[in-house]
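Visitor: Chains as they are written, first to last, in the working numbering: chain A, 159 to 296; chain B, 159 to 296; chain C, 159 to 296; chain D, 159 to 296; chain E, 159 to 296; chain F, 159 to 296.
Be aware that one or more of the hints could be misleading.
Because identical chains cannot be distinguished in the list, a pair is counted as satisfied if it fits within a single copy or across any two copies.
To be verified - Dumping the calculated EDC-like pairs for lysine to aspartate or glutamate here, alpha-carbon to alpha-carbon at most 20 Å:
(1) Lys-267 - Asp-180
(2) Lys-227 - Asp-277
(3) Lys-224 - Asp-191
(4) Lys-291 - Asp-191
(5) Lys-276 - Glu-245
(6) Lys-167 - Asp-239
(7) Lys-224 - Glu-235
(8) Lys-231 - Asp-191
Hint data in this document are derived by calculation from the structure and do not stem from the laboratory.
Since we're looking at a predicted model, the values are computed, not measured.
6 protein chains.
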Amino acid sequence: MNKVTVCRKAHFNAAHRLYRKDWNDAQNEAIFDKCSNPYFHGHNYELIVSVTGEIDAETGYVMDMKVLKDLIKLHIEDAFDHKNLNEQVPEFSTLIPTAENISVVIWEKLRPHISSEKDLSITLYETPRNYVKFSGPN
Amino acid sequence: MNKVTVCRKAHFNAAHRLYRKDWNDAQNEAIFDKCSNPYFHGHNYELIVSVTGEIDAETGYVMDMKVLKDLIKLHIEDAFDHKNLNEQVPEFSTLIPTAENISVVIWEKLRPHISSEKDLSITLYETPRNYVKFSGPN
Amino acid sequence: MNKVTVCRKAHFNAAHRLYRKDWNDAQNEAIFDKCSNPYFHGHNYELIVSVTGEIDAETGYVMDMKVLKDLIKLHIEDAFDHKNLNEQVPEFSTLIPTAENISVVIWEKLRPHISSEKDLSITLYETPRNYVKFSGPN
Amino acid sequence: MNKVTVCRKAHFNAAHRLYRKDWNDAQNEAIFDKCSNPYFHGHNYELIVSVTGEIDAETGYVMDMKVLKDLIKLHIEDAFDHKNLNEQVPEFSTLIPTAENISVVIWEKLRPHISSEKDLSITLYETPRNYVKFSGPN
Amino acid sequence: MNKVTVCRKAHFNAAHRLYRKDWNDAQNEAIFDKCSNPYFHGHNYELIVSVTGEIDAETGYVMDMKVLKDLIKLHIEDAFDHKNLNEQVPEFSTLIPTAENISVVIWEKLRPHISSEKDLSITLYETPRNYVKFSGPN
Amino acid sequence: MNKVTVCRKAHFNAAHRLYRKDWNDAQNEAIFDKCSNPYFHGHNYELIVSVTGEIDAETGYVMDMKVLKDLIKLHIEDAFDHKNLNEQVPEFSTLIPTAENISVVIWEKLRPHISSEKDLSITLYETPRNYVKFSGPN
């Protein structure tokens, strides 16, 4: 059985701020440093969505990359691109938008749309030097 | 026991077309869209071959990268580069040259030349935004 | 007067073959080597379109990048992507589709759509290691 | 006389918003689209600073890259990184922080610190697909 | 339980030579070819350090990337950057500085500084085309 | 007349040291810092050679890229790759191998082999963040 992983890159630009509402400014700056700037800062997030499954013998595809591209556009890019993650994306109204948490949210938003016998993994670059990977709870 | 993975990048340029001979043009276009263009299109395929094994205590190598480079040149680049995959590469006379299937064919062509106690994994970029990974049947 | 150059990256995948119809196969192979393969080969072409002009004081733009992006899509990507340049793109029915000639054709196709007081320059990557630049006739 | 250009890459992350205070929201959205999101969005800006001059015969340097690196850190990164350009960077209190305007501001901030017989040029990537170049007024 | 991998890129430049002191020059050249040049050669090593663990519910971090960045600077960059690995880095006084062995040494140097319930993995690019990965002994 | 620039990337790995023989160690370290390490350090040099000229109407080429690739291999890669620039490359026996000087030497070595009506330009990356450009004396 030949399981192949297919990967699709996408990207979105967003503003965010790392802070806890139940902490004061000094506490937030002690932990989150300049990432807690109350005026926000932002990133070009580079996203790689990976789907692992068997090759369909009829098409030679694990998954049609156009379908995957459209799913990413609909559920992630349209929701996150050119947005303020803290203020305009409901998932982060109480969750701190660290790269770690964003990768989990992306995984949770895409998981229902990928057939259940396939595995899903998320790689998210916050900067060219910092990135995270999440493959689902275990 | 220290198992290390060594990776070597290579590349080849090729033309291909995604279509099934037993389907008519309309069926092929419905599934493969512009990738089924009867006049072919093409890609710069970027290939990463990864070999995992123990470090040889005498040389400090898992595998001599020059040997791996030469194997890739002989078995993959010379066979695929500047070729029409559908028309000129025997493995794809009946197999659709999707990135998924190409990665499996590359794995099968290289596997006999890598010592059996080592693992082999293939990463193949069809475009900078689409790529696949295959690590052998399981 | 502050002249700024704004640059937009795009890409297309295509098949091509380098050959002269008035030469025989041996002559073509002598000059164009494996690039003259009669079955075609292909590339992921990476394109950078650069427009130089004064900053508009009202908008802060030299040119709206969305407009530039749409021009590239309409005139270049839709015309070249997933095509066989020799067989399906009229400009190359008699012109050899070398990277040099493709860059000139792209320049000529975009020039009428960029306002005349602005300069236009084309960079075209045929592979990650080979690319060309053209800034118009002189 | 051997003039060489030396280039140094740097980067900063920032939030911004494209809008004119003298326009209403509808006008701003008509021109700046989602870039005028009132809650801001952000980018990883990649910056290349290029200095052109003669090679110093004694050191073999056009300019000590450590000095250039420190100038960029002091005058650009410390001023822009993890900031909201509209709200926290004085140069953009009335100037729209488009990539074009940001490149001009960076040039103006660095120019006094580079010796006058040398040329200065700025390249600024707003995203991996959009970038601008500015080499001073002419 | 949501385990996420956080990755941080770093780099260092170094000279090295591949050879065994107990072999003569001809033996070394037979095995290590031009990498055994007695006058040394060098590389820009690109390093990716990956740490896998649970997200801290309070901070949204697996690990503070600033802390990881500082650990890499202190234990790896300061020890290896602009050094001759054979002559100036004690770990390679008797160990051949192949990419494989360097990745193991980096892992061993960082492991004590990462909390034990987290996994550590090293990716090391010796050139843009050759790289290795090590995730600890097993 | 359509002048196009064709560019070819190549690379070599080398060790070097920045120092003047007529200065003592303290003077060298004051100017060249850790780049003057007496045990040498090294880099993966990425080289781009650019040739500008008219398109040959018969071939569609400014210059056959295979010829350019072979010239770079013969005159630059074979001379510099896996070498110690100070000790093993005659041009640097008295010239400090800064990136600036190396780019001039590469230009001088290639210039006689490019036809005189074409322009030649050299771009040399010493690290991914530091690079230089040289287009000949003026």
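Visitor: Going through the numbered hints above, which ones does this structure break? Give me the numbers in ascending order.
Guide: The structure breaks hints 1, 4, 5; every other hint is satisfied.
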